[in-house]
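Student: What follows is the residue order along each chain.
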Amino acid sequence: MPIEIPTLNFIALAPPLIVIGTALLVLLFDLAVTDKRVLGYLGLVGVVIAAGVSIAMGPRPATTFQAMAISDGYALFFNLVFLATAGLSILIAIDYLERHDLQRGEYYALLLFSASGMMLMAAATDLIVVFLGLEIMSVALYILAGFNWRQLASAEAAMKYFILGAFASAFFLYGAALTYGATGTTNLNQIGLWLSGGNSDPMALVGLGLLLAGFAFKVAAVPFQWWTPDVYQGAPTSVTAFMSVGAKGAGFAALIRVLRSGFGDSAYSADWALAAAVLAVLTMTFGNLAALPQKDVKRMLGYSSIAHAGYILVGVAAASESGVRGVLFYLLAYAFMNVGAFAVASALERRGEFSTTQRDYAGLSQREPLLAVAMTVFMLSLTGMPPLVGFWGKLFVFRAAVEAGMSWLAIVGVINSAVSAFYYLGVVVQMYMRAPAEYSPRLVGEESDAKKPAAVNLEVAIGTAVLLAMLLTVVLGLWPGPVASLVTMMPLG
Amino acid sequence: MIIQSIWLAIAFPLAGLLFNGLLGRRLGRGVVGIVGPGTVALAFVVGLFAGLDLLALPAQDRAIVVTLWNWISVGSFRAGMSLLADPLSVLMVLVVTGVGFLIHVYSIGYMEHEEDRLYARFFTFLNLFIVSMLILVLADNYLLMYVGWELVGVCSYLLIGFWFRRGDDPQDPVRLKDGELVPVPANLNPADSGKKAFIVNRVGDFGFALGVFLIWTTFGTLNFADVFGAAPEIASGTVTVITLLLFVGAVGKSAQLPLYVWLPDAMAGPTPVSALIHAATMVTAGVYMVARSHALYALAPTTSLVVALVGVITALYAATIALVQTDLKRVLAYSTISQLGYMFLAVGVGAYASGMFHLTTHAFFKALLFLAAGSVMHALGDVIDIRRMGGLRQKMPRTYWTFVIGALALAGFPLTSGFFSKDEILAKAFEFSPILWALGLLTALLTGFYTFRALFVAFWGSARDQELFDHAHESPGVMTWPLILLAGLALFGGILGLPQILGVDHALAGWLHPAFADLEGEGAEAIHHGLSAGLEWGLLGLSSVIALLGIGLAYWFYVANPGWPADLAVRFKSVFKLLVNKYYVDDLYDLLFVDPGKALARFCAQGIDNAAIDGIIDGGARLIVQGGAWLGRLQTGFIRHYALAMFLGVIVVVAYFFLR
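Chains H and V, in that order, are what the protein sequence lines are.
Residues 1 to 493 in our numbering are what the first sequence spells out, letter by letter.
Residues 494 to 1153 in our numbering are what the second sequence spells out, letter by letter.
Errors might be hidden in some of the hints.
To be verified - With beta-carbon atoms standing in for the labels, derived distance ranges:
1. H/Leu425 - V/Arg1126: 16 to 26 angstroms
2. H/Glu403 - V/Arg1126: 37 to 47 angstroms
3. H/Arg434 - V/Tyr1076: 28 to 38 angstroms
4. V/Phe1096 - H/Leu370: 47 to 57 angstroms
5. V/Arg1126 - H/Phe29: 39 to 49 angstroms
6. V/Gly713 - H/Trp479: 56 to 66 angstroms
7. V/Ala723 - H/Trp479: 28 to 38 angstroms
What the hints contain is simulated information worked out from the structure, not anything from laboratory work.
All residues carry an ideal CB built from backbone N, CA and C; glycine is no exception.
Sequences are here, hints too, so could you generate the full structure?
Tutor: Pasting the structure below:
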């Protein structure tokens, strides 16, 4: 029996490979470099190169590893989302870790590994590879969540994320196994062929349900969202910024490919569309309602990220090309505005503290006008206020829902957006309409200077991240055309 | 030809308004005092040249439409930003800017005690008024006219309430001879007076707006020329309704029964405002509007009769109230209402040129009277109660003599401007119906009486308040020169309209003739009316006698026998109280409209808005926030709870796919 040598097209997977290579370099340099911030900038260089390569590769599809992965426009666009997120998160981390005495080389390596897992998930055309990417991403994230090991909350976050994540991975694997059992393949295109050939098997349906549950955990959709607020709050803020967008984006990247390539042309597509619609309604409503009474801004943003998963699910539920395009645009927009918001939050965290309450934002417009303006832009964009980029994201997914005959879903989404204005604008109210809170030292050993408001140390790297995110949020909002036409050129391969 | 640039007449005061409004506070009152009156003077010059241009044209061509731009064009609806310059509108431009200029100059002195920023604000508002009034009179369609109509209302509101921080001004009660004190209603504060003027005018403006709507639905256009051209083909019932609705607007704007109540209270504004807006120009907008729409009114005899009746009854009614007023400006205010009644009597009986003639002379002598009254107030520190004056003729000779001229013209003393214009109206009324003429003549008698009562009490006799008297002084030249110029106009303005029987042309009727040429027998020819020369001489003589009789009676009562009025007041106590309280009409309106209106507003604000609507909104918001807190409680922090919830979720999802 001849052994078939598989054609291994490494070029097609160049972006994740570059990121992995950078991560290995970071680990290597870690042994020699004493100023660990250098490692952050090294990671940044790798991210920029990977992004450049992604753009250079263009949307021409190329399969590799015996059709287990593909480099198509869809995957490349997601590369940009993940790399933008990773880049901004590294900028945040460089200063954030320094301030909190957490500066270690493996942080950047883990972050890059996680990003490569995300990129692999977007490129995967086989359930096994999806799972591979999922685990590469998740295991690194579990560690990162507990990176602030001196704090109990951080360790607790890592533990919760890990146990529940393992639980969800089990569902995913079980679903993959059932699907394989029914269709005899784990390749998404093969599954699609089998199903569109008129075959049907309840086992495949159960498999689809379990796969959906597994992804719903990663994107933090109700009722699999429970870990989100606890983990977001407990993890270091720089990590929260990264995973709130990255893990969610990767989950959606794989979910959409599985649904569209694997189960898209089948008789099941109406079923999963309706399931996604119901999940969308539950998710955004829960996220927004639960965010309302939150005083801790990180926790509030945690619930808000649940709500945004709901909005994105609206685009999934549309089950159409324009729905996919809306999701792509939305996730890029979300990368800038959400990472930007976390960047501001991490800039405001004082040494030795790992959260910011609404009081910390009081009078920020007087203390740090630039940060206040940036945060206002992010909050308004997250609300979906024109002409910021968040508005277009919502518009595109809601429009896709209306085109798909799901106007009711768009209406629910719009009502939810209105509710969300309450807690987003609450931060703006604090910044512009409240007097600065008096600084009360919460740490033993700090000098008490009760009259002065808390000082903000806006370092260069975090400042750059804030500025970049704000600039893109505004510019892409005022001028959404290029990205909107870019996503139309990035179909699923 | 400058008439093609008639918009300059609006542009100059507009520039002054912007200049004073934006920079006036910084540049100081010297600049403000030049820019404000100066731009109005320029507008007057434009009007003058436009008039000369019109004269140079053949009579039938004396209507120039200047389209500035196409303002609104929606479907078949078109409204141009276009101006109409014809003898009628140019006459109004000259009156508004001419009298307006003199009043602007006078204001430099009158407002000298105001702070810089109020001073600049005052001139800004005055210029805004001139702009608005010119838009009103120059409009070539009903929509633009309505814009001006509303704008002058806004200016009136802003200027009546100019001293909006002042409170009500309580009036001393009248002590009768038998010892009884008759309370005099307090003068309403400026802020409330402004609101009263604005709200009462809304009633009229609503009618006006309905009239404009009806014109649109009937004619499909709002352009004057098109509407008037098509009017004869329209059912007379429709025309009657249109003209009645438009007249409702005129009743509000020109303070006729039953919407006259705002004008006496409008006296709370600065006196130059009373002179300009509430005597000479804005309140005559209703008369102008009827004259402008004469093509419609001529087709609606019923409406015309209503106009004439409302006019003559208002004239008589307001004159009776003026008899007992103790506030000098209010005497003049009721006399304005009364004189406006004359003008409506004129246009109601079809004598449009006569109405415009009286409008013009009235602008001269009433502006003069108000400014003279203002001069008195200026001298006495804003005291306006004639009972505290007396003997002022020695102290302020210029003010006194100009007031005398104004009073003579108002009373219709022979050969003054008011004599000719009023006599012409009475002659036209006699031709139409002797009853209307008789009522008008009775009003003339009362006019002579109340005018000279005020004059004798305020300026003759001896000082009643020595302290005030000692304080009094003649006003500065910047105030008295406008008085003297207006006095000249009030005295000799009659030249504009000398009766035909004197053997000369009626200049104003000749000027206006092209504008009214479409009316049969109107204009210059109409002066040859159906009355015989003997009858006309008789009427002229009778008017003279009546005017002299009124003045004589006032002299008899207030100079020769000063005790008589007091005796009369006791003998006819109920009539006296009725008049002092202005027939209780204000109280009746309070009871019927104001109080229920306020109660309704309070109910809407508190009952509906605060309780019901806000309650639902706030309740909804509270419910959502509460729901959020409740959901937050599900977040227990225990992994076992989370895992269980996830597991249940998986079961539901799988069951959904399995059981679909």
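Student: Indicate, hint by hint, whether the structure satisfies it.
Tutor: Hint-by-hint comparison with the structure:
1. H/Leu425 - V/Arg1126: 16 to 26 angstroms: 24 angstroms, holds
2. H/Glu403 - V/Arg1126: 37 to 47 angstroms: 39 angstroms, holds
3. H/Arg434 - V/Tyr1076: 28 to 38 angstroms: 59 angstroms, violated
4. V/Phe1096 - H/Leu370: 47 to 57 angstroms: 50 angstroms, holds
5. V/Arg1126 - H/Phe29: 39 to 49 angstroms: 48 angstroms, holds
6. V/Gly713 - H/Trp479: 56 to 66 angstroms: 46 angstroms, violated
7. V/Ala723 - H/Trp479: 28 to 38 angstroms: Given a distance of about 53 angstroms, which is not inside 28 to 38 angstroms, the answer is violated.
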